[in-house]
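Line by line, the protein sequences are chains C, A and D.
Position 119 (the first sequence) corresponds to 129 in the working numbering; numbering is contiguous.
Position 167 (the second sequence) corresponds to 218 in the working numbering; numbering is contiguous.
Position 47 (the third sequence) corresponds to 137 in the working numbering; numbering is contiguous.
Hints are computed from structural coordinates only; laboratory data are not their basis.
Beta carbons are placed, not taken as given, at the ideal position from N, Cα and C, and that holds for glycine.
A few of these clues could be false.
Stated by the list, open to error - Derived Cβ-Cβ restraints for the label pairs, each shown as a range:
#1 C/Tyr326 to D/Glu175: 29 to 39 Å
#2 A/Pro252 to D/Asn293: 27 to 37 Å
#3 A/Pro253 to D/Tyr405: 29 to 39 Å
#4 D/Asn293 to A/Asn241: 32 to 42 Å
#5 A/Thr308 to D/Tyr405: 38 to 48 Å
#6 D/Glu202 to A/Asn241: 52 to 62 Å
#7 A/Pro252 to D/Lys418: 31 to 41 Å
#8 C/Asp139 to D/Phe277: 30 to 40 Å
#9 C/Lys213 to D/Glu357: 55 to 65 Å
#10 D/Glu357 to C/Ser201: 17 to 27 Å
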Amino acid sequence: MDINTKKLKKNAFRVTKERGKTAIRVRVPGGHIEAKHLLILKNIAEKYGNGTLHITTRQGFEIPGISMEYIDDVNKEIQPVIEGLNINQVDPNTGYPASGTRNVAACVGNNVCPFGNYNTTDFAKRIEDAIFPNDYHVKIALTGCPNDCIKSRMHDFGIIGMTEPQYDPYRCIACEACVDNCRDRIVGALSIENNKVVRNEDKCIGCGECILKCPMSAWTRSEEKYYKLVIMGRTGKKNPRLAREFITWVDEESIIKIILNTYRYVDKYIDKDAPGGKEHVGYIVDRTGFQEFKKWVLKDVELGPKAIVEENIYWY
Amino acid sequence: MNNNVYLPFKSKILDIKPHTDIDYTFRMEFEGDVKPGQFFEISIPKYGEAPISVSEIGENYVDLTIRKVGKVTDVIHTFFPGQNLFMRGPYGNGFDVDLFKEKELIVAAGGTGLAPVKAVVDYFVDNKDEVKDITVVCGFKSPSDILFRDDFKKWKDEIKTILTVDNGEEGYTGNVGLITEYIKNIKIENIEEANVIVVGPPMMLKFTLQELLNRGIKEENIWVSYERKMCCGIGKCGHCKINDTYVCLDGPVFNYTKAMKLID
Amino acid sequence: MGISLSNKEFNNILDELKKEYKIYAPKLFKGKGRFSDTDLVRYDEISSIEEIEFGKKSYYSPKEVLLPITQTLFYFTEDKVIEPEIDHKKTLVFLRSCDIHAVKRLDEIYLENGVEDPYYKRRREKMKFILMECEKSFENCFCASMGTNETDDYSLFVKSEGDRVFLDIKDKEFSSYFDTGVETEVFPNFVKENKIEVNIPENLDIDIFKSLMWKEYTSRCIGCGRCNTVCGTCSCFSMQDIFYKDNERTGERRRVWASCQIDGYSEVAGGFDFRSDQGDRMRFKVMHKIYDFNKRFGYQMCVGCGRCDDACPEYISFSNCVNKLNEKVKEGK
């Protein structure tokens with residue numbers, strides 16, 4: 011059997027421990043999928059694989075036990091799923107064109123969750139559309155609120171939903187539900203002064219729970235959606251760490267630009283002699299320093315007036 | 052607009068008499084009809100209002116006995132005679148002293164509960180011939196909690212007065228024990244007709260009422276005064292409502308036959 | 091008798107009316123719902139028929155038009171109290187039958203129970219109703235059970251159909267405004283029945299206060315107070331004093347809406363709370379709505395709008411509670 015493993019891997023298949031067998035990795039941007047696509051995955055698993063599916067940590071599916079000789083057939087059969095999920099493709103019926111940039115993961119977000127401050131799936135799909143296909147190893151995750159259920163802080167880019175609570179003192183009856191909740195469960199950004207609530211803007215993390223608690227709609231959501239962009243978190247063998255705040259109260263457009271700029275930065279600075287030509291973005295930032303990264307990624311980015319950019323980041 | 056019931060009037064503090072560290076009686080300038088058991092909304096702008104019952108009624112004054120227990124009353128305690136407080140009222144039904152005339156009357160009070168009923172005692176001390184017999188039995192936590200010492204001294208010479216404390220202190224020579232103990236032994240000639248007024252904290256009220264009923268006092272001859280959260284005093288704000296009863300309008304004085312059916 | 095007008099004609103008349111009236115109606119506030127990307131329907135001033143949300147039940151009742159959420163009673167300096175300026179403009183409110191009935195309950199408390207409330211009276215005297223019809227019963231409504239599904243206490247009836255407005259003028263004061271339009275028969279349609287039927291036990295007495303059934307709510311209710319704040323008949327308020335930061339000797343006394351489900355409602359100075367258990371608070375509220383008020387004033391307080399059920403985050407149903415109460419009474423507790 012003569013298989014180009016480089017090509018195979020780039021095509022979103024993998025070399026498995028069982029000789030001659032491969033597994034296809036199905037990307038599901040934003041982790042939300044129409045149920046009908048599962049039937050196709052089922053058919054592939056039963057026809058070419060060993061009848062099982064693995065749900066990956068990145069919210070995709072991996073169909074193992076496929077004989078390498080069936081790669082072309084599998085790529086044809088998976089086509090409706092690729093199209094149904096609007097995955098950018100080079101040629102139809104040839105499967106996935108890249109695998110380096112991983113599936114963009116998202117918590118269920120405001121499709122379902124009361125805490126979600128935005129539609130995480132929609133934003134994930136926008137990012138996927140902007141960056142895929144690409145061979146560079148970049149991991150992105152989106153989470154609806156600072157609870158960070160998707161564990162976005164273990165990603166190169168973590169996008170955390172925020173809203174800027176709008177307060178109408180006229181509607182407030184000083185029940186203090188927001189104050190108590192913020193003090194007991196969040197950051198204690200609220201206090202009562204003269205029978206009305208005062209929000210400490212420096213402390214507020216924009217989680218929106220005051221809005222959830224308010225029986226009077228005295229607290230409501232800002233028209234604009236905001237995000238906290240945390241960067242360069244990682245797992246792995248070499249120096250794992252949590253992502254740190256890069257920009258707080260940043261907007262959606264800017265995030266997309268920053269991520270696209272990051273690919274240019276990687277292009278410029280990636281270690282061409284790295285083993286297998288692969289170097290994760292976080293290690294590149296370690297080499298160039300944060301300031302160089304920042305210079306590159308903020309190029310032509312027009313941040314909104316609320317955005318707070320960190321001067322420096324110290325990961326630990 | 053002068054018919055605005057929410058606008059308080061200014062009233063001068065004529066005198067302040069401290070009873071304990073936290074209980075002071077403020078003599079407030081006031082002219083108008085007031086009944087024992089009624090209350091005023093007393094306020095200091097920017098701190099708020101508090102319902103306070105009258106403890107003594109005079110020609111051109113009312114006494115308000117105020118315990119330092121909250122934002123408003125804490126500040127009131129920093130005031131001096133000659134300064135002004137704001138007041139609204141009087142509110143509530145108050146005691147109808149006519150009901151007690153010609154009969155035996157027992158006034159049982161616990162702690163600050165004496166304040167709202169004190170004016171009834173004062174009335175019958177001044178008009179002894181109007182009542183067949185009057186006994187005051189009053190309990191405080193400790194000797195240092197005793198209120199209205201001067202009045203007690205005066206009453207002792209005029210009417211049957213039992214002053215007791217739950218716990219004595221060194222040097223204290225008076226009665227010790229819960230007032231229920233003393234109620235057991237009060238001589239009552241006509242149990243059918245004797246009236247009793249009971250005012251005090253919830254637990255004291257419960258056990259005193261039990262004792263009175265044991266002794267055969269008729270439910271319809273027992274009167275209580277309720278302390279509730281009277282915010283507006285005029286039946287609007289709802290805070291003092293119990294069942295279909297607004298304490299500020301229909302009370303705070305209730306006949307026991309009614310009070311026994313009030314469930315918070 | 092009624093007339094029909096184009097939306098444009100109607101809006102022109104609204105402009106005329108606005109010279110004398112503030113006009114309030116349920117309005118959809120985009121993105122202002124509790125959860126992200128959800129909307130809120132609540133009362134606000136409007137100036138065109140298109141702004142009015144006819145198709146949804148408002149989350150908050152129209153009571154906020156009559157009973158400001160935060161209302162200044164007077165301003166004070168160190169030794170003077172001064173009443174605020176009075177807004178002399180009249181008001182017109184678009185509202186449904188149940189909500190018109192709810193205003194009668196507020197009147198009972200604010201104009202009858204004890205002395206008149208001057209602040210309420212001033213607003214109430216200047217208020218007229220425009221009836222909105224309910225083509226069908228909304229979720230959780232039980233107006234038919236409470237007898238509030240119909241009313242004739244309104245000045246105008248207004249109905250919007252596409253680009254035309256149909257209205258019936260009952261109050262002659264408005265006839266002069268509507269001199270255009272095509273004459274046509276216009277009648278309000280009233281809901282005759284709801285999916286939810288509520289049976290209020292007839293021979294209730296205070297024994298039910300001691301029933302164990304209230305204990306269920308001790309653990310279920312979180313005491314957020316939404317059932318009160320959305321209710322069209324809840325009338326309670328609390329007093330607040332505030333002082334101005336730049337001159338602490340001056341300030342104002344206000345009243346704000348209060349909720350019998352929220353901590354502090356029955357707490358007296360010194361910290362004793364006469365009703366601290368959520369089950370007892372639920373009992374207090376339910377009995378007020380279907381027993382106490384009736385005992386005092388001769389008719390039920392609850393108007394069956396179902397907003398309390400719409401709003402409860404813990405899915406506690408008032409209507410179901412009353413029906414459970416009915417069952418309890420039937421089986422002799």
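For each hint, the structure was consulted:
In this structure the supplied range 29 to 39 Å is violated for C/Tyr326 paired with D/Glu175, their Cβ-Cβ distance being about 60 Å. A beta carbon spacing of about 35 Å between A/Pro252 and D/Asn293 agrees with the range 27 to 37 Å that was offered as a hint. At about 34 Å, the CB distance of A/Pro253 to D/Tyr405 agrees with the hint of 29 to 39 Å. About 38 Å separates the C-beta atoms of D/Asn293 and A/Asn241, a value consistent with the hinted range of 32 to 42 Å.
Between A/Thr308 and D/Tyr405 the C-beta distance comes to about 41 Å, which sits within the given range of 38 to 48 Å. A C-beta distance of roughly 42 Å is found between D/Glu202 and A/Asn241, which places it outside the suggested range of 52 to 62 Å. Take A/Pro252 and D/Lys418: their Cβ atoms lie about 33 Å apart, and the range 31 to 41 Å holds. Restraint check, C/Asp139 to D/Phe277: a C-beta distance of roughly 54 Å breaks the suggested window 30 to 40 Å.
Restraint check, C/Lys213 to D/Glu357: a C-beta distance of roughly 29 Å breaks the suggested window 55 to 65 Å. In this structure, D/Glu357 and C/Ser201 meet the distance hint of 17 to 27 Å, their C-beta atoms being roughly 21 Å apart.
Violated hints for the displayed structure, listed by number in ascending order: 1, 6, 8, 9.
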